[in-house]
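Chains as they are written, first to last, in this note's numbering: chain X, 1 to 376; chain P, 1 to 68; chain Z, 1 to 272.
Hints may contain errors.
[To be verified] Straight line, CA to CA, 30 Å or less: simulated DSS-like cross-link-like pairs of lysine-lysine:
no.	chain 1	residue 1	chain 2	residue 2
1	Z	Lys194	Z	Lys245
2	P	Lys45	Z	Lys266
3	X	Lys45	Z	Lys194
4	Z	Lys251	Z	Lys188
5	P	Lys17	Z	Lys214
6	Z	Lys266	X	Lys45
7	P	Lys39	Z	Lys245
Derived from the structure by calculation, the hints contain no laboratory data.
Now for the letters of each chain:
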Amino acid sequence: MKDMFIQGNEACALGAINAGARFFAGYPISPVNELSEFCSRELPKLGGIFIQMEDEIGGLAAVIGASLGGMKAFTATSGPGFSLMQENLGFAVMAEVPCVLISVQRYGLCTGVATKPGQQDIMQARWGTHGDHPIIALVPSTVQECFDLTVQAFNLSERFSSPVLVLTDAALAHLRERVIIKDEGELNIINRKTPSVSPEEYLPYSPDVNGIPTLAPYGGRHILRVTGLFHDERGFSTSNPEKCRKLLERLHSKILNHQKELPPPKYYGKDGAEIILISYGISARSAREAAERGIKKGINMGMINLQTVWPFPEEHIMNLCDQAEKIFVVELNMGQITGEVQKIFKGKAEVMPILRYDTNVITPSEILDKIESVVK
Amino acid sequence: MENKQYPFYIDPKLCKKCGLCIAFCPTKVYITGEDDLPKIEHPEKCISCKMCFYRCPDFAIRLKPEVA
Amino acid sequence: MQGIPDSYSDYIAWEQLPHLWCAGCGHGIILKGIILALGELDIPPHKALLATGIGCSGRAGDYIACHRFQGTHGRTLAFATGIAAAQPDLTIIAFMGDGDAGAIGGNHLIHAARRNINITAVISNNFNYGMTGGQFSPLTPENSITSTSRSGKSESIMDICSIAAEAGANYVAKTTVYHVRELHKFLKEAISTKGFSLVEVISPCPTYYGRYNKIGNSPEMLNWLKETALPLEKFQSLSHEEKQKFFWRGKLVQRSREDFLNKYKKQQSAMK
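Only chain X is shown next, with the shape it has when bound in the complex:
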């Protein structure tokens, strides 16, 4: 265990390495570079490999390849690079490849403002790749959570045999805080299963009771067949309607049936509050401060700090907002998560956005002013 004073980018990299990652491939982009540079320095010391690829498409591709070769592997990027990775992200979902993608969100649309924060890639994380698919996305708010949730991201990716996203932002990536870093031996680490049958009986995409396939690493006697086409349990392509439907349903159910294993939201404030703030990532820090100030002023309120955005933690939010009359969603975009919250509260509670999308982080005062103007 180490007591460190580091930035979000470094905490993510340390989380990955201490979770067992030994392969990083990526492409330079702001505001992620400290993370990649950290990996280029530290991975070789542990026998790991850092490859700077020719673009982000190649970055995620190499990560997927290394994971299928048996290594824990990850990449990191930001908006434009995240866009380029979308096709291969879909590949990783389809081929059920454990890997972690850290996206440090920058103020976007297109090249945007490369060094300023945003939370504008939340929906891209959910729906950026084509076709129906599930995705797991975690959203740290503190440098400690950057470390903790990156460790969890690797555990979840190995557990569910699926890519997992960690979404930070330009502000959190460069924020320095005191962090407790647990070593690899002190962490609860999950590793993918290895085949329990003989090579002759082995079917790479035959799911276990939890719906998870057992992908033996390339190079062993268990022959691994991987394709992005719809495939049968042997890993050969198929267009059989029944097999296609079943595979698509299993890809969803293997995660959605086990949502309770995903990091639950943190709650601050009074139980059964009438006014609830929902936020995540960097803006959750301001939302939490606003809630604390509001409570001091006598407002009956609480704050939900999401740790997982996808799959959307509907049940947790419904339970925490049991008594809520007014719900405010705080985010640095034009209302991407607000829409999700409105969807689940249709008529049951009033859901209002508190948004900022001008390159700056939202402040606690702005949030409280908005609440007071509505509540009074």
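On the provided structure of chain X, position chains P and Z as indicated by the hints.
Coordinates of chains P and Z only, in the frame set by chain X:
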């Protein structure tokens, strides 16, 4: 001379009748047979060059022992 | 049997045949060449990986019994870069089409060659995108008729071998499916070469390219390749105008530049 196991067996389920084996056999072992499938007409002319086997794109030309 | 390793059958997923390729398509001839080379080099199926992309050639993995990877269109070499890093003892064959390797994957090809990743790239060049209906690719000869160049391809041909050689590949050779003995020799040499190697194989697409350009069916296309693919030295002696009517075949490069992973590991351990 190596133990001669030629000519080859042609799997009618795999052959797509492209005609490469017939066209490029240097000693004209094959002719076009029933249903346009290649037919081994002159096995005695085979010189074991294996060109038909190498150029068969369908994995249809197989060694006799494999059939059994 | 001489020229056909005993293990030949072990590499083929017989239950998956017949394959989906058209009658007379050359992909099967090249795939068989790869299998024969692996057998002759005593590389067992579980120590070999066939990585493919998208398109007709991309389906090759459906018919083999060794490790199989089929990625997204054009990215085969990028995926294979990660696999090679994690499994340095695995023999990786990246089997790609001309569109896959030359167009959408062209950048990865340049950098895989430059980085000198320990992979053998085999490009089945049938001068068009067969799966999608015979559109031209960068490797289609100039003036060819295709489904997207009905009055002739205006763009010039891309010499992918020269590009790979210039980028730093350790082995580069080119032949046709007519010249099968040369094909087998090149494949064996390429697979045995440490670092990045590339074999381009001109192959018939009788369904589209042969028909559009009135070359004919598969045997007629192979005869055409027999006539038009000249040994490299002979080709180089031709005038610029004459060169437009022919292809070259032969070995362009063979060298032993240190491959990426070895160099990387050496440098990193020197730093410790």
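Hints versus structure:
1. Z:Lys194 - Z:Lys245: violated (34 Å)
2. P:Lys45 - Z:Lys266: violated (58 Å)
3. X:Lys45 - Z:Lys194: holds (25 Å)
4. Z:Lys251 - Z:Lys188: holds (13 Å)
5. P:Lys17 - Z:Lys214: holds (20 Å)
6. Z:Lys266 - X:Lys45: holds (12 Å)
7. P:Lys39 - Z:Lys245: violated (36 Å)
Checked against the numbered hints given earlier, the structure breaks hints 1, 2 and 7 and satisfies all the rest.
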